[in-house]
Structures are given as structure tokens and as C-alpha cells.
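Enquirer: Residue strings, one per chain:
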Amino acid sequence: MSTVTLTAKGTHELYLEAYNVTPDAFAGKTADEIAGLECHEGNRKGKLGEYFDIDGNGGETAADTQIIVKGNCKKIKRIGQQMTAGEIIVESDCDMYTAGWMKGGKVTVKGNVDSFCGIGMAGGEFIVEGNAQNYLGSAYRGDWRGMTGGLIHVKGNAGNDVATFMRGGKIIIDGDAFLHVCTHGEGGTVVIKGNVESRVGGQMVKGDIYVYGQIKYMMPGFKYVDDVEAEAVEGEKLTFAHYIGDLGERHSKRKGEIIYGNIYLKK
Amino acid sequence: MPKVIKNVGCPYCGACCDDVEVTVSDDGKRVLEVKNVCAIGTQIFMHGGDHDGRIKLPRMRQPDGTMKDVSFKEAIDFTAKTLLKAKKPLMYGFGSTNCEGHAAAARVMERAGGCLDNCASICHGSSFLAIFDNGYPSCTLGEVKNRADVIVYWGSNPAHAHPRHMSRYAIFPRGFFTGKGHKSRTVIVIDPRFTDTGRVADYYLQVRQGHDYELFDAFRMVCHGHADDIPDVVANIPKETILEVAEVMKNARFCNFFYGMGLCHSDGRNHNIDIAISLTRDLNEFTKCTIMAMRGHYNITGPGAVWSWQFGFPYCLDLTKKTMVHMNPGETSSVDLAMRDEIDAFINIGTDAGAHFPIPAVQHLKKHPFITIDPSRNMASEISDLHVPVKICGVDDGGIVYRMDNVPIQYRKVVDAPAGVPSDEEFLDAVYERMVELEGEGFI
Amino acid sequence: MSDYIIKNGFVFDPLTGIKGDKKDIGIKDGKIVEASEVKGGKTIDASGKTVMAGGVDIHTHCVGPKVNVGRLMRPEDKLFRSRTKVGNTRVEMGFSVPSTFATGYAYARMGYSFLNEAAMPPLHAPHVHEEIRDTPIVDIAAMPVMGNNWFQLEYLKNRELENNAAYTAWLLNATKGFGIKCVNPGGTEAWGWGMNCTTIHDPVPYFDITPAEIVKGQMETNELLGLPHCLHVHPNNLGNPGNYTTTLDTLKLAEGIKPNNKFGRDVVLHNTHLQFHSYDGTTWADFESGSKKVMDYVNAHDNISFDVGFVTLDETTTMTADGPFEFHLNRLNNLKWANTDVELETAAGIVPYVYDKNIKVCDIQWAIGLELALLAKDHMRCHLTTDHPNAGPFTRYPRVIKWLMSKKARDDLLHSFKWSEKVIAATQLESMDRELSLYEIAQMTRAGPAKCMGISNMYGSLKEGTNANIAIYDINPEKMPKDPELIEKAFSETAYTFKDGVMVVENGVVIATTPKYTVWTDVKVKENAIVERDIHEKFAKYYSVGLENYKVFDEHMHNPRAIEVDATN
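Chains as they are written, first to last, in this note's numbering: chain C, 1 to 267; chain A, 1001 to 1444; chain B, 2001 to 2569.
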């Protein structure tokens, strides 16, 4: 595996859109060629070399390419967008759309991320060591195909609208989330180890939500059915109160049995 | 002889009353009298025309902080240069502009490579988010007038915000299948506050503030055969009341939900509307049901329409790439852009961002060039580097506007603006031409 | 404006009977002239290329309120799916419901010059004209929808044809509309109460008239007025298994009705998107093609025409004034649903739809469309459409042409389906060897639609004196490519498109725009006091807009090109 190290120079006045910082774009390119890749600061089209010091060449393929991003990336958007393989490690905070529409590979952010990260994710692994803002692992506006695969793990807290229109994959949040989890969910699993304010599973058709802490306001459309033992995260077998819903939403049948969404609340 | 102009559209609210009669002075410069208008609309008509109170020249901020009158030519040049110099300019507003103005603004901002947004961003933008996710089963206001026998106002107070809405369209009019007017309709008002609209309600539900979403869910449970599973109280409303009102909706011949800021701007925002749309769809299994946003300004529906056909998005447009357009409210919405300090030039047009935006947002915007295009002084104009006066659409300029139900209404000019004052469209077209000229000269 | 001579191209012009002859075409002052009349013009070398008149689309949803709701409600239709702008044009956004600019440019790149917007809600006419203004290059006409209009339901119920005709003329004038469109006649009014009419004999609630009476009455009205286009019908019961019987019932209503017009039109009824109306079977499980049963009838009756509405197997956006159908579709696919009921007039519904090639029903729909065109005996009466965007975006016309011209192309696709055996069993497509010729394609895409709409003196032909709307495709009829993909490529982007004599596209790139026109029908009728009174009464009592604000103001009509009809006798 080849490693390309980018160090943000901090030369952008506004936010930088670094949509080419992906193993896919870097693969097969030398450091010089990478420096020539396009990015945008507002309406000014620039080159990555103007904003980053670049060290190392890309691997032969995306899977062979590792990118380490150093320096302050708090105002850099779209790192890892649409990547299919390889690895990115961001050593600071970074901004919106990090790992957006990601299909494969791995992204690790050592700091916090802003909103719309992991949006429309289809595969791969996305680790945030700090907090995430709103719309984590959500769908793009209007798309009924939200997260369909892969894993998102946020070690801190997340904001509103986690996993809207989720259809597959898994999101684990070690801390709290606020309003709206898995709204319009049609599959997949969300695990929140902290507390949630309200609107968990609203308009949910299918899927599983595990909450280890409290849900301050439970949706009226969720009904307690039984207690179950389950392993939401590997190696953590726990007892949960099992609710089904949203009883105000449509549900399909499989072999004559109605399939509901599930909330598992730790006992 | 004063002249009476009939069939005039009113430039106040989204109800777009188009039966106004305006009497204008002999010289065509002053409005003397208006009929069929609410108190607020009357005031707007009185502002139009050529009179001492009108600002007739652009005002440019001087190094010492004072404002000085300048020519329109200078104002056009300053605006064009500001746009060309900026990396990410934002043009925001359009609460009181005709569609011709929206189209002209789009052309300017596409050329400049900036962001373009309208007041829906801080108003019914959450409705758009819900429409994106769940659609919009709606109808025109005449359908409500002719057919609807159950009217729900949820989180909206037309008695104050849309003064003639109830009398023209929703509750009192006698339509084709609703010949008994008010008597043929059941009115349901759902609001945390007991409003003046609540006074005409047959059912008033005092929902707990911020918990509308749960109440919608309970109504939907009735539609999906889970009435028994509804908790005893949801959002402060007892289960019996929920069941009773749900039956009224299900047994309507034609039910319509009108909703307003109470849903758009309480917790969950777009989701409150999203689930209202889901309920509307559910009720169509039992009867006919439609839903409509109580859009605020008379033509705030306009930019959403114009920019949708020009770019595919109704608001929060990011045109900075120049070769394609991006939209994602939360990122490309004006307040978010300003709060995050993403913008380096700002044009406030046909609204008052100075009064409506959060203080930190205005502080960020004020660090950069700040221009206001508006007929009147407002808080934004007073902190601007340039204030450009324009015609008042619907009074001294005509044009097409879109009513809250997306019906286009053709507005008429009733009086002459002061000589030399351009319409929004004329000013913006001149800015466009100047930008083309400057680019040709190698500016930037 | 430059003059041109287009030299040595293979010319296909069914309206003048030219079948691929090598012929020079002259352009002078924006009109087509004898090549020898052009002195000192520019020469375009069209050798080895195909020359046709500019394309004419008889049925497309390209401008107007429901198209715009389709754009608005689908941001995801733009996400990573829009064309990156090249050159000095406006940005082009959207895949299945493109922006107005994207629409105009894309049609021009395909060599089209005239579009017929298939459904204009009269109340929304000013909106339609605003979008027409912003759709570059192509000329546009729009048909007001009139299958559920309260005035007409009452006139036709009482068999007051003269009154119905007078109102129709008034409405065309008020909306600056082109012709009479009926969508789910009666059924859309029933949708005002959440109901529908699924056969031509279902009574319309309250109005006590049947779809059959509406269709027949509108056909008679159309011929009484002598409009350029015939009645344009979207019959009842669209999209349901077994609906071919409703279709045949509707088509039979034209029996005995004769065309009356001075525009060279031979038909009295145009059945739009026939593919959606040619379904056999009783449920989605035993769903199969009814194309032969429908085409046997159509081929034997020369006073009817149709466009196909080919399914292109894309993710698209369905939109129709058939309100109850869209609600029904939404209950099947559970995606978002928009609806707008329009007072006294019509309705509209919009639902995104994915025609997935791994779903048997979608593949059968695809096959039915192709079968209709391959079974047709007269392609002047069989027109190419995708009911844009309902069965697929118009940008797929080149792909449809490829399937029609190449058995290999359609067989390769047919055999790649997950359920190909079941699809083959439910259709006849596999057994059909016919490959359409360039002449037949020219009939389907320009000559036929122009004749059917009564505009062949202005569009769809290379006749001398007509507007110089010309498409030059990089395809050689003497050396047709073995690879069918090259057919699709050639029709996707012209070598040159001329619009009113201006070269607007060169090598697939839009290089210029030109003034474009709004085509409408200006019908003069005798004064009719009853109708005038009815109009005043309905506006005073039931409309939410004033009569004087309803009629499109002159300043909101852009470059009008009126077709005059005198129906005062």
C-alpha cells in the first residue's frame, strides 16, 4: 500500500471542496499529478497543490492507496466522497460530506465531523472519533435510498436526523443523539449507546434501533411486545424491552406475517 | 378625473386576492383609495407611486459612514464588480418580487457563480424538504371552495396572517358543492395557542408545543387500524378526542389541511410536514384529502417555481460551480451559509435580512460587501454599503406571481413609479450586462 | 442570417415522398428553398449523412405546472445525473425531468424543432407560457386539458355542441392553447371525490355523463371547429391489466366521424401513449401484451392515429392529469406522491417510478411499446414518443430508434432480462424480425406527427417554403452500421441542427440559440351570448381567480405564431 500525505496549508479563505481527495482519484498518480487535481473554493477552481503540501505517490489502484490528511481540515468539505476502496485518515476535524456516498474502503476522522457525513453510504467503514453533526448516514434530499450498506461508528455524539431513509448497513453512536432517528427507515440497524430526545423510528417501515440509554419521548406508534436478549454490538449481549412500530405507517407482509420496525430499549 | 382600476392583485400575502379595486389620481402617480383589501394590503398600495416618501436614487455608503445619493449607473457598476470579485456571493430575498425579477436574478447569479436563495429558506423551506421526501397531494384553492367540507388549520392563524383566506377560499364561501358556505363545513384548528382562527373552530385541539409529530402519528394509527394502541394522551390531547376528530376527517367528503409556521418552525420542522403529508395520503384511502402550505408573501411561491424550471431546485441554490447546480438546505441555505461564514458578498433583495437573520449571521455578512435592493428603508438597507430603490411589484410594476396553491396570477401596474426608478428585473438585467462588459474588459 | 446549401446528403422527407435520395437543400432567409436559389451561402457537406426535417414531438410533458412539481420534488433526479455545461449556454439540470434549458438544448441536439406540450391546465396557462419562454430553441404548442372541464361536461351532457365549440374556442384563446386534450375523460373529475371512471360507460359523479359521451362530443366539437389537430385522447383505465378492451371501446367511438379541416389532417382521434393502453391479462401476475388486438383494429381504421409511449427501462418520473392513476401507482410503489386538483378543470399526479429491467412487468411494458411500432402498417399514423417523462425521458428517443431499427439490439436486451423466458412468453417481440427503415423513422418522428397536428405546412417537412428546421445525422443509409450502438449515437447528437435557418447545433454541441415561437390556434366563432353568460357566471361563483386575470395577458405570450381558424360559418 502506498501512502500519500496531505498537509493542509490553511490557504483557503472560504470553505474548500476537496472532492478529489479519494483513493480513487489518487490511484496511479504521482504526488505532482495529485497536486494538479481540481478542487473548488467558492467559484474559484483551484488545484489541490495550492491548498495542500503533498508527499508520496498514489498506489496502483484505489485499494492500494492510503491518504493521511494533516493540518486543520475544519473548513474542508467532501473528503472521501464517493470512494470505493483504500483508506483515508484525517487527523483533525473536517467538514460536510466526509465519506459521503461512500461505496468501499475506510475513512477515519480523529476529530469531529460536521453534517451530512456518511450520507447515502453504500459500503465501507467510516469511523469518527469525535462528534458528528446532523444527517449522519442519512439520505440526500428527496432520495428514498438512504444508507444501504457499510458501517458508521461515531465515538462521540450525533445531532438530528441520523439514518433517515436507512435501508441497510449499521450505525453505532457511542454517545447521544437528539431528534429523529431512522425516520422513514426501511432496513438496517442503528445502535445508540447514550440517550435520545425524541422521535425515534417515526414513519419507520422496517429496521432495528437499539438504545442503551433513555428515550425521553417515545413515539405513540411504538408498542411494547416483549423482552428479548440481543447482541446489538458484537460481544455485548444485553436484555432489551422490544417495541414494534411505527403502527401509523404501512408495513409489508412476509409469509403472512407483518414486518414492523423494531426499537430495543435496554432494560 | 381619478381612474378606477379593477381586478388588481394584492401584493401582501399568499392568498393573492385578485379582486382589488384601486382608485388612482389623475396624473397616475398616487393611489387614492383601495377596495376589497385587508388593512395590511391597503398600506402597501398607499406606499406606491411617486410621492415625497419614496427613495428615488441609490444610496452609497461613504468612507465616513454616511450615505450619499449616487446614480443608478454607479449602483449597477458597484453591484456588478462586487459580484465578480466575490468567490461566493449570496443573493437572498425575493419575498416581494415578480417572477420576471426571479428569472433575471437567476441569470445574474449563474453568471457570477454564487448562491441564490429566497425567504422560504427561513419560512416554508421545511415544506420543501418534506415535499422532496414525501410529495405533495394538494389542490387549488377553488377546489377547497367548491368541494371541501372539512377544513383543518394546523399551526397556522389566517385570521391574522392571511386575513381574507377564510372568507375567500376556505370556510365561508359558497361553492358549487358547498352551497351553504360556513354551515356546510366543519372546522378543526390545531395549535398550541388559542388563536382568533380557533374562535371559528368546531374542534380546537391544544397540541403540546413541539409535539405535533406525535399527534399526527396517532391520527395515522387510526387510519392503519391501530386505534386501540394509541396511548391515553398524545401531545396533551386525550385519546377520545383524537378518535373523534379522526372520524370527522375520515368521514369528510373532501378534507383539506392548511398548515403554517407552527409546523415549519417547531421541533422536527420538515418532519412535521412530512408526516402531515403521510396522513393526507392515508386519508385518501377513506375519502378525498389534500394539504396546502399557507405560504406567506404574495409571491414567495414564485422563486420556487421559476428556479425549479430553470435549475430543478426551488431554493438554496449553489451555483458556484457554474457548470452545474447543487442544493442542500442545511449547507446551502442562507442562514447556514452566513452562520458558518461561507459567504464573501451579500445582496439582500425584496426582504429584510437585517431584521430576520440571527445576529451572528448578520455580523458575518457585514464583514463583506453588503447590498440591499428594495423600494423601502429597512434594517438591512441601513447597514448596507449600497441601497438601490426599485419599483414596488404589484403597485408600480406588474408581472406574474404565484399564489400559495401555485396558481399563477397576473398582476397589474396601477401607478407610475418615480421617474428613473427601475424594476428588479430592469436593474438586475443591467447588472448582468455590466458583468458581461467587465468580463470582456478582463476585470478579474 | 447566413444562407446555406446542404450538399450531397441522403434526404428522407415523407411529406414530399423523398426516400433517401441524394439531394441538395437550400436555406435562404430562414426558409427552405431550391438549392440553386442560394447565391454565395455557406456550404455544409452532408455526404454520407442523413438529412431530415426538424423533429416534431406530438406528445411530451416538457413545460407547465406538473412538470415543474416533478422537478421540484426530485432533487435526487439531479444528483450526479446532470450534464456538465459546455460552452456559452445556461446550465442543464436533471435527468428524467430536465430544466427548461436542458430540455430545449437536448431536443435541439437530437434534431427536434417542435414540441407539443400534452397537458396544460387552463388555470395555469400563464405558468406554461413562462416556461415556454425559458425553453430555448424549440417551438412549443400546448394543449389545454378539456376532458373534465365543468363547462364542457354540462354542454356535452345536454348535447349543446355549438355552445361547447364556442367555449372551446374561447378557452383556446384565453390560454393561447393549441388543441383539445382529454385525459381520463370523466375519471379525473371523479377524482375530485377520490373516485375514478375505469370504463367508457362509468357515469361521472354528479355530472351524469359518461366518458364515451365526452370523447365523442369532443371529437365532434373538434371537427365542427375544424381545428388543425384532432382530438388528443388519453383514454380511461390507463396502466391496468386487461385495459385493451377499454382502449378498443374508445377507438371505436371514432367510427363514422370524418375529418373536417383545411390543414391536411386525415384523422379524427389521436390515442396517445398507446403502450399504456394495450395490456392483456387480468392481474399483474398473468399480465401480457395486448398489442396485436389493438393494432389489428388501428391498422384497419385510417381515421385514427397514435403515439407509442415507449418504456425505456429507466428511473423516471410519472406525471399525468390522470389523478386517480397516480394515486393508484403510489400505492403500488410507495414512493412520494404529488397531486394537484385544479378547480373546474382537471387534476394532476406525479410519482417517481423505476422501470427496472429485473422486473417482469416493466420488461413486458417495454416489449409492448416496440410491438406496437413493429405491427403498425402506416407509420404516418404511429408516432415516436416516450410520453416523456412517463415511460422514459425524451432523451432516450435515440435508444428507441436503435431498438426499432435493429433486431439484434432488442434481442440482446430481451435475453439479458432476469425473467426473459416469462417476458418472451407474455409477448410476441422475440418472433418479430421487422427492422424499421430510416424513412419509417422519419415518418414516426416528424412527418407523421406534423400531419396529424395539421402543421405540416410549417414543420416536419423539407418542402420549399417551410421554415428551415433541419437535422443532419451522422449516419449513412448505404452503409448502415453493424453495431446498433452507432445508430443510437447518431440520433443522440446531430452533426448539425438548423432552426429557422440558424445553425444551433454543430457536432452535438449547442452553439447558438434563436428566437423560438409559441404556436397556438386562434379560432373565430360566432358570438354566443349563452356561453358568454355561462363564463361570467362560473367565474363569479366558482373560480378563485377573476375572469380578467385568467386570460393570458399579451405580454405573457412569447413570440406567438397563431394558426387562424375561421369557424363562423
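These aren't lab readings, by the way, just hints derived from the structure by calculation.
From the three backbone atoms N, C-alpha and C, an ideal C-beta is built for every residue, glycine too.
A few of these clues could be false.
Claimed, not checked - Straight-line Cα separation of at most 30 Å, DSSO-like style, residue types lysine-lysine; simulated pairs:
no. : chain 1 : residue 1 : chain 2 : residue 2
1   : A       : K1322     : B       : K2482
2   : C       : K216      : A       : K1322
3   : C       : K9        : A       : K1085
What the hints assert, rightly or not - Some chain C residues judged to face chain B by a derived CB distance under 10 Å, without partners named:
no. : residue
4   : R141
5   : T148
6   : L151
7   : K155
8   : Y224
9   : D227
Enquirer: Hint by hint, where does the structure go against what was stated? Just the numbers, ascending.
Expert: 1, 2, 5, 6, 7, 8 and 9
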